[in-house]
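Given only the sequences and the hints, what does the whole structure look like? Please build it.
2 protein chains.
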Amino acid sequence: MSLLVKNATLPSGKKSDILIEDSLISKMAPSITARTEEKIDASGKIALPGLINTHTHAAMTLFRGIGEDATLHDWLAAVRAVEVKVTPRQIRAGSALATAEMIRSGTTCFNDMYFFMDEVAEAVQESGMRAVLGYSMVDMGDVGKRKSELKICEQFIKDWQGKADGRISASVPPHSLYLCSKELLAASEALSKKYSVPLHIHLSETRKEVFDCLSAHKLRPVPYLDSLGLLSSRTIAAHCVWLTKEEVRLLANRKVSASLCPVSNMKLAGGAIAPLPEIQQLGMNVSLGTDGSASNDSLSMFETMKFLALSVKNARWDATAATAQQMLFAATEGGAAALGINAGALAAGKLADIILLDARAPNLVPAHNIAANLVYSAHAGNVTDSIINGKVVMRERKLLTLDEEKVVERAQKEAERLVA
Amino acid sequence: MSLLVKNATLPSGKKSDILIEDSLISKMAPSITARTEEKIDASGKIALPGLINTHTHAAMTLFRGIGEDATLHDWLAAVRAVEVKVTPRQIRAGSALATAEMIRSGTTCFNDMYFFMDEVAEAVQESGMRAVLGYSMVDMGDVGKRKSELKICEQFIKDWQGKADGRISASVPPHSLYLCSKELLAASEALSKKYSVPLHIHLSETRKEVFDCLSAHKLRPVPYLDSLGLLSSRTIAAHCVWLTKEEVRLLANRKVSASLCPVSNMKLAGGAIAPLPEIQQLGMNVSLGTDGSASNDSLSMFETMKFLALSVKNARWDATAATAQQMLFAATEGGAAALGINAGALAAGKLADIILLDARAPNLVPAHNIAANLVYSAHAGNVTDSIINGKVVMRERKLLTLDEEKVVERAQKEAERLVA
Numbered sequence: 000m001s002l003l004v005k006n007a008t009l010p011s012g013k014k015s016d017i018l019i020e021d022s023l024i025s026k027m028a029p030s031i032t033a034r035t036e037e038k039i040d041a042s043g044k045i046a047l048p049g050l051i052n053t054h055t056h057a058a059m060t061l062f063r064g065i066g067e068d069a070t071l072h073d074w075l076a077a078v079r080a081v082e083v084k085v086t087p088r089q090i091r092a093g094s095a096l097a098t099a100e101m102i103r104s105g106t107t108c109f110n111d112m113y114f115f116m117d118e119v120a121e122a123v124q125e126s127g128m129r130a131v132l133g134y135s136m137v138d139m140g141d142v143g144k145r146k147s148e149l150k151i152c153e154q155f156i157k158d159w160q161g162k163a164d165g166r167i168s169a170s171v172p173p174h175s176l177y178l179c180s181k182e183l184l185a186a187s188e189a190l191s192k193k194y195s196v197p198l199h200i201h202l203s204e205t206r207k208e209v210f211d212c213l214s215a216h217k218l219r220p221v222p223y224l225d226s227l228g229l230l231s232s233r234t235i236a237a238h239c240v241w242l243t244k245e246e247v248r249l250l251a252n253r254k255v256s257a258s259l260c261p262v263s264n265m266k267l268a269g270g271a272i273a274p275l276p277e278i279q280q281l282g283m284n285v286s287l288g289t290d291g292s293a294s295n296d297s298l299s300m301f302e303t304m305k306f307l308a309l310s311v312k313n314a315r316w317d318a319t320a321a322t323a324q325q326m327l328f329a330a331t332e333g334g335a336a337a338l339g340i341n342a343g344a345l346a347a348g349k350l351a352d353i354i355l356l357d358a359r360a361p362n363l364v365p366a367h368n369i370a371a372n373l374v375y376s377a378h379a380g381n382v383t384d385s386i387i388n389g390k391v392v393m394r395e396r397k398l399l400t401l402d403e404e405k406v407v408e409r410a411q412k413e414a415e416r417l418v419a
Numbered sequence: 000m001s002l003l004v005k006n007a008t009l010p011s012g013k014k015s016d017i018l019i020e021d022s023l024i025s026k027m028a029p030s031i032t033a034r035t036e037e038k039i040d041a042s043g044k045i046a047l048p049g050l051i052n053t054h055t056h057a058a059m060t061l062f063r064g065i066g067e068d069a070t071l072h073d074w075l076a077a078v079r080a081v082e083v084k085v086t087p088r089q090i091r092a093g094s095a096l097a098t099a100e101m102i103r104s105g106t107t108c109f110n111d112m113y114f115f116m117d118e119v120a121e122a123v124q125e126s127g128m129r130a131v132l133g134y135s136m137v138d139m140g141d142v143g144k145r146k147s148e149l150k151i152c153e154q155f156i157k158d159w160q161g162k163a164d165g166r167i168s169a170s171v172p173p174h175s176l177y178l179c180s181k182e183l184l185a186a187s188e189a190l191s192k193k194y195s196v197p198l199h200i201h202l203s204e205t206r207k208e209v210f211d212c213l214s215a216h217k218l219r220p221v222p223y224l225d226s227l228g229l230l231s232s233r234t235i236a237a238h239c240v241w242l243t244k245e246e247v248r249l250l251a252n253r254k255v256s257a258s259l260c261p262v263s264n265m266k267l268a269g270g271a272i273a274p275l276p277e278i279q280q281l282g283m284n285v286s287l288g289t290d291g292s293a294s295n296d297s298l299s300m301f302e303t304m305k306f307l308a309l310s311v312k313n314a315r316w317d318a319t320a321a322t323a324q325q326m327l328f329a330a331t332e333g334g335a336a337a338l339g340i341n342a343g344a345l346a347a348g349k350l351a352d353i354i355l356l357d358a359r360a361p362n363l364v365p366a367h368n369i370a371a372n373l374v375y376s377a378h379a380g381n382v383t384d385s386i387i388n389g390k391v392v393m394r395e396r397k398l399l400t401l402d403e404e405k406v407v408e409r410a411q412k413e414a415e416r417l418v419a
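Protein sequences, first through last, are from chains A and B.
Okay, so the first sequence: first residue is 0 according to numbering that gives the first Met the number 0, each after it adds one.
Okay, so the second sequence: first residue is 0 according to numbering that gives the first Met the number 0, each after it adds one.
Some clues are possibly wrong.
Short, incomplete list of chain A residues facing chain B, as computed with Cβ under 10 Å [unchecked claim]:
hint : residue
1    : Met0
2    : Lys192
3    : Tyr194
4    : Asn295
5    : Val311
6    : Val382
7    : Ala414
Negatives, chain A to chain B, calculated, CB over 10 Å [unchecked claim]:
hint : residue
8    : Ala33
9    : Asp40
10   : Ser147
11   : Ala189
It is worth saying that the hints were derived from the structure and are not from the lab.
Ideal placement from N, C-alpha and C gives every residue a C-beta, glycine not left out.
The structure is reproduced here in C-alpha cells:
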C-alpha cells in the first residue's frame with residue numbers, strides 16, 4: 000500500500016507532501032514525485048499527526064446522557080445501574096459508536112480500560128483505529144476475584160497484543176488504588192513488566208481518593224503506589240488532579256506519564272484543575288484523555304485541548320501558563336510517548352497516523368497562528384480526512400471502514416434496551 | 000414566503016412539524032399539512048431555536064491568532080496595534096467571515112459593539128442574520144470626543160434601526176465605566192431611552208476594573224452605574240464576573256440582563272467564574288456571549304454553553320450548580336429577552352429563527368437526554384441547516400446567502416495586509 004498526500008499545510012504554515020508506504024511515513028518534503036496506489040490532494044488542508052486519547056472507556060458512549068447534572072453520588076448510582084446489566088453485545092455497539100465519533104473528531108489512537116474487552120478489540124479491529132486496550136481489574140480485597148481478574152487481563156494480552164496489523168496492543172489496567180488491593184496492584188505491575196505493556200490506572204482524580212488513601216495507608220496516593228513499585232515509564236496515570244508538588248516530582252522521576260482529563264474533572268465538579276505548570280516544569284510527560292462519554296460527554300480531543308489550556312490559565316491567573324503548542328504536543332507526541340507507540344509526529348519513520356482539517360473553514364481563518372486556531376477554534380467538524388496505519392479511514396468526512404448508519408442505529412437500539 | 004419543516008425532533012424528544020409564514024412561525028404540531036413554497040424534511044434532525052450570542056465583536060475574527068498565550072498586557076498591546084490601523088474594508092471582511100462562522104455554528108442573532116459599524120451592518124444585511132449593532136463609545140473624559148462619539152452612535156441608530164426586513168436593530172454601547180466618563184455614561188442612557196434600544200456595556204470583567212472603580216468613585220461598578228441611572232431592563236451587561244451578591248441583587252432588581260462570556264474570561268486568565276448560581280437564584284436574566292475572536296477564539300455558542308456549565312460546576316464543587324436546560328435557555332430565550340427580540344423559542348408567533356442538527360451524528364447518539372447531548376456533546380459541525388427570519392440561510396451545510404469561498408479568501412487577504 001502506498002499513498003501520497005500532496006500540498007498539505009503544517010501547523011508551522013509550511014507546505015509539505017507526505018509519502019506513505021505500508022504503515023509508515025517514508026518521506027516528508029515540499030514536493031515529492033512518486034508513483035503511488037493512492038493520492039490525496041490536501042490543498043487548503045492542514046495536516047496534523049492523529050490525536051491520541053490516552054484515557055477513555057469507549058463503550059460508555061451508550062451511557063451518554065445518563066445521570067446528567069447530578070451529584071457525584073447520584074451520577075455513580077445511575078451509571079452503575081446500567082453498568083451492572085450491560086451485555087457484551089452492547090459493549091460492542093457502544094465501542095463501534097465511539098470509534099465512529101473518534102475518527103470523525105480526529106482521534107486515531109485511544110487508550111481504553113473497561114470490561115468485555117474482546118468486544119472493544121473487535122470494534123477497534125473493524126474501525127481501522129489504533130488502540131491500547133486492557134481489562135480493568137477490581138478486586139475490593141477479594142482473593143478469588145483477584146485471581147480471576149488477573150487471569151482475564153492476562154488472557155486478553157495473549158489474545159490481542161500486536162493484533163490487527165499491529166494496531167491493537169494490550170495494557171494492564173488495575174482500576175485504581177481504591178478498588179484494588181495492594182496485592183492486585185503489585186501483581187498488576189508484575190504482569191505489565193512480564194509482557195512489557197503499559198500499566199494504566201486512575202490516580203488522584205478526587206479529594207476523597209486522596210483522603211481515603213491517607214487514612215487507609217498513611218500515605219498519599221503517589222507515594223503509596225510507589226511503595227508497591229507501580230510507578231515506571233510503563234505507567235499512565237489518568238487524571239493527576241489532586242497532587243502535591245512532591246508527588247509530581249516523584250511521578251516525573253519515575254517517568255510516569257500523566258493523562259489529563261479536564262473535561263471529565265470539571266463536569267463531575269471535582270473542584271480542582273490539574274497542576275499542569277508544575278507537571279511541565281518538573282518534566283513529567285503530559286498526554287490528554289477525554290474519559291468516557293458518561294462524564295464528558297463528547298470524545299473530542301479538540302475540546303479537551305481547549306478546556307485544559309483555558310482552565311489552567313484561569314486557575315493560575317496567568318494566560319501564559321498553558322500554550323497552544325503545549326496542548327498540540329500533549330495530544331500527539333505526549334500521547335505517543337505515554338503509550339510507547341511510534342506515532343504522534345509527522346516525520347519519516349513514524350507510523351502514518353495523520354488527519355487533515357479544512358483550513359478554509361471560516362473558524363480556522365485567518366492563518367495568523369495555525370496552532371492557536373487548532374487548539375482554540377477548531378472543532379471536530381473541521382476534520383475532513385483520517386489516515387491510520389497508512390490506510391485512509393475517513394475521506395472528505397465519509398467513513399470508509401464502518402457502515403456508519405448501521406453503527407449509529409445499532410447503538411441507539413442497544414442504548415434503548417439498556418434503559419428499558 | 001412559506002416554509003414547512005417536517006418531522007423535526009425537539010429537545011424533549013417529541014416530533015413536530017413547523018409551519019413558517021413570512022418571518023414568523025405560524026404553527027407547531029405533530030403533523031401539519033400545508034401548501035408551502037418550500038419544504039424541508041427534518042427526519043433525523045433536531046430542531047432548536049437559533050442560538051443568540053449577546054456579546055461579541057464580529058470584525059475581530061481578523062485578529063484571531065494575534066497575541067495568543069500572552070499576558071493581558073501583551074495581548075492588549077498586540078490587539079491594539081492592529082485595531083488602530085484596521086480599515087473599514089477590513090472590518091467588512093472580518094464581519095462577513097464572522098457571519099459565515101456564526102451561521103455554521105448555529106447562531107442566528109448576535110449583539111455587537113465595535114466601530115465602522117456601517118460595515119458590520121452591511122455584512123449582516125448580506126448574510127441574512129439577525130443582529131443588534133451599536134457603535135462602541137469611548138471618551139476617556141474628553142468633551143469633544145464625547146460629543147462626536149454620541150453623534151456617531153445616534154446616526155447609526157437613525158440609519159439602521161429596523162433595517163434589513165427588521166433583522167437589524169440598533170443599540171447604544173458605551174464601552175465600559177473605565178473608558179467612558181460619567182457624562183458619556185449618563186448621555187448613553189438618555190440616548191438608549193430616547194430610541195427605546197438596548198444599552199450594551201462591559202461590566203465587571205476584571206478585578207482591576209473593580210478596584211479602579213472603587214478607587215476613583217468610592218463605589219463598586221454596579222452601584223456606580225446605578226448612581227448614573229444606567230441600570231434598566233434595556234441594559235445588557237457583558238461579563239458580570241467580579242460581582243458581589245449585593246451587586247447581583249441590584250442588577251436583578253433593575254432587570255438588567257447578564258451576557259456571560261466564560262470562554263473569553265478563562266482565556267484571558269481573569270481568574271474567576273461568573274456567579275451563575277446567585278445570578279439564577281436572584282432572578283437575573285442570563286444570556287451568553289462568545290466575546291470577540293481575539294479572546295476566545297471561536298464564535299461557537301455550543302462551546303460557550305459547555306464552558307459555562309462545566310466551569311460553574313467545578314468552581315462550586317457541585318455538579319448540579321448548572322444544568323444543560325439552563326444553558327439552552329440562556330442561549331435562546333435568555334438571549335432573546337436580553338435583546339428584546341421576539342425569538343428564542345419554537346412556538347407559534349415567534350420569529351422563525353431555527354436551526355437543525357444531525358441527530359444521527361455519532362456524538363449525538365444515543366438519545367437518552369437530547370438537551371444534555373446538545374450542551375455537552377454537540378459541536379458546530381453538527382448544525383446542518385439554519386433558518387433566519389423565515390428564510391433558509393444554510394441548507395445541508397451549504398451557505399445560501401454568502402459566497403463562502405470569496406468571504407474566506409477576502410478575510411484571509413485583508414488579515415495578511417493588516418499584519419504586513
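How the hints compare with the structure:
1. Met0: Given a least distance of 26 Å, the restraint on A:Met0 is violated.
2. Lys192: violated, 37 Å
3. Tyr194: violated, 32 Å
4. Asn295: A:Asn295 check passes; min Cβ-Cβ to chain B is 7 Å, inside 10 Å.
5. Val311: holds, 9 Å
6. Val382: The hint holds - A:Val382 has a Cβ within 10 Å of chain B, the shortest such distance being about 9 Å.
7. Ala414: At about 3 Å, which falls below the 10 Å cut-off, the nearest Cβ of chain B leaves the hint on A:Ala414 intact, so it holds.
8. Ala33: holds, 30 Å
9. Asp40: holds, 16 Å
10. Ser147: The claim holds: A:Ser147 sits with its nearest Cβ about 31 Å from chain B, beyond 10 Å.
11. Ala189: Label holds. Min Cβ-Cβ 37 Å, cutoff 10 Å.
Hints 1, 2, 3, counting from the list given before, are not met by this structure.
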